[in-house]
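> Numbered by the numbering used here, the letters in the sequence shown go through residues 3 to 253 in order.
Hints were generated in silico from the structure; no laboratory data involved. This list has only true hints and no planted wrong ones.
Heads up, simulated DSSO-like pairs for lysine-lysine below, C-alpha to C-alpha not over 27 Å straight-line:
| hint | residue 1 | residue 2 |
| --- | --- | --- |
| 1 | K127 | K166 |
| 2 | K127 | K162 |
| 3 | K38 | K216 |
| 4 | K209 | K38 |
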Amino acid sequence: GVGGSFAGAALGAQVGQLRQQLGGFADYAASIERLKIALNGIAGDASNYNRALQAAANVTEELNVPQEVAIRGMTRLTAAVQGAGGGVADAELAFKNINSAIIATGGGAEQVQGAVTALVQIFSKGKVSAEEINQIAERLPGTFNKIAEASGRTGPELTKALQKGEVGLNDLMKFLVQLGGEYGELAKKIAASSESAGARLTVAYDKMRLEIGKALQPIGAEFQSVFASFATEIAPKAAQAARSLTSALVP
Numbered sequence: 003g004v005g006g007s008f009a010g011a012a013l014g015a016q017v018g019q020l021r022q023q024l025g026g027f028a029d030y031a032a033s034i035e036r037l038k039i040a041l042n043g044i045a046g047d048a049s050n051y052n053r054a055l056q057a058a059a060n061v062t063e064e065l066n067v068p069q070e071v072a073i074r075g076m077t078r079l080t081a082a083v084q085g086a087g088g089g090v091a092d093a094e095l096a097f098k099n100i101n102s103a104i105i106a107t108g109g110g111a112e113q114v115q116g117a118v119t120a121l122v123q124i125f126s127k128g129k130v131s132a133e134e135i136n137q138i139a140e141r142l143p144g145t146f147n148k149i150a151e152a153s154g155r156t157g158p159e160l161t162k163a164l165q166k167g168e169v170g171l172n173d174l175m176k177f178l179v180q181l182g183g184e185y186g187e188l189a190k191k192i193a194a195s196s197e198s199a200g201a202r203l204t205v206a207y208d209k210m211r212l213e214i215g216k217a218l219q220p221i222g223a224e225f226q227s228v229f230a231s232f233a234t235e236i237a238p239k240a241a242q243a244a245r246s247l248t249s250a251l252v253p
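Construct the complete structure from the given sequences, taking the supplied hints into account.
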């Protein structure tokens with residue numbers, strides 16, 4: 003009797019874990035869909051939306067950036083860049099190249115999110131300030147000198163220009179273009195290396211979660227209710243079968 007009870011309890015726990023896992027997949031898929039809806043609303047039309055979504059997908063595929071991080075980052079940058087008079091192509095370039103630079107210098111998703119936040123602030127203000135440069139520099143070594151070089155200034159000249167508010171978005175875009183040329187290929191090599199196998203596994207697992215979650219979404223709460231009823235109904239029968247098997251095996 004005791005063995006059968008343990009077997010029944012174990013089965014019930016496994017059923018509960020499976021239901022919880024499937025529910026998690028559905029929640030993940032729903033969260034990705036919400037991010038896409040937000041991106042669609044920001045992008046303005048189907049063409050811009052498709053381009054922005056593809057840019058996020060490329061960063062996920064090429065650099066192992068989690069898709070929710072990529073879509074959210076593109077959404078925020080697209081909103082800020084468009085507010086500054088730019089387009090999705092500018093947001094795409096900024097997002098891809100800042101990701102490449104940070105990954106190529108040993109950073110990860112957390113550093114990328116911080117740098118993207120700084121870029122969003124710069125585009126929202128319409129000019130570059132020392133505060134945001136410092137925020138990027140914390141995630142990307144050498145940022146100050148690279149911006150100075152890209153804008154055709156020396157370090158002291160850049161400092162003076164920042165104090166006068168004379169460093170504009172054109173200077174920032176030159177810096178971002180330069181990052182792509184300097185770090186783009188290196189970042190891809192790092193993302194494809196054996197040392198990044200864990201990050202690639204995470205991306206692959208997220209893809210699986212998304213596909214399973216999307217398949218479950220149309221069923222939604224109804225599926226969970228039916229599954230719960232099924233589990234409730236089958237558990238006593240399974241426990242009885244386990245008790246019978248235990249009795250047969252134990253003299």
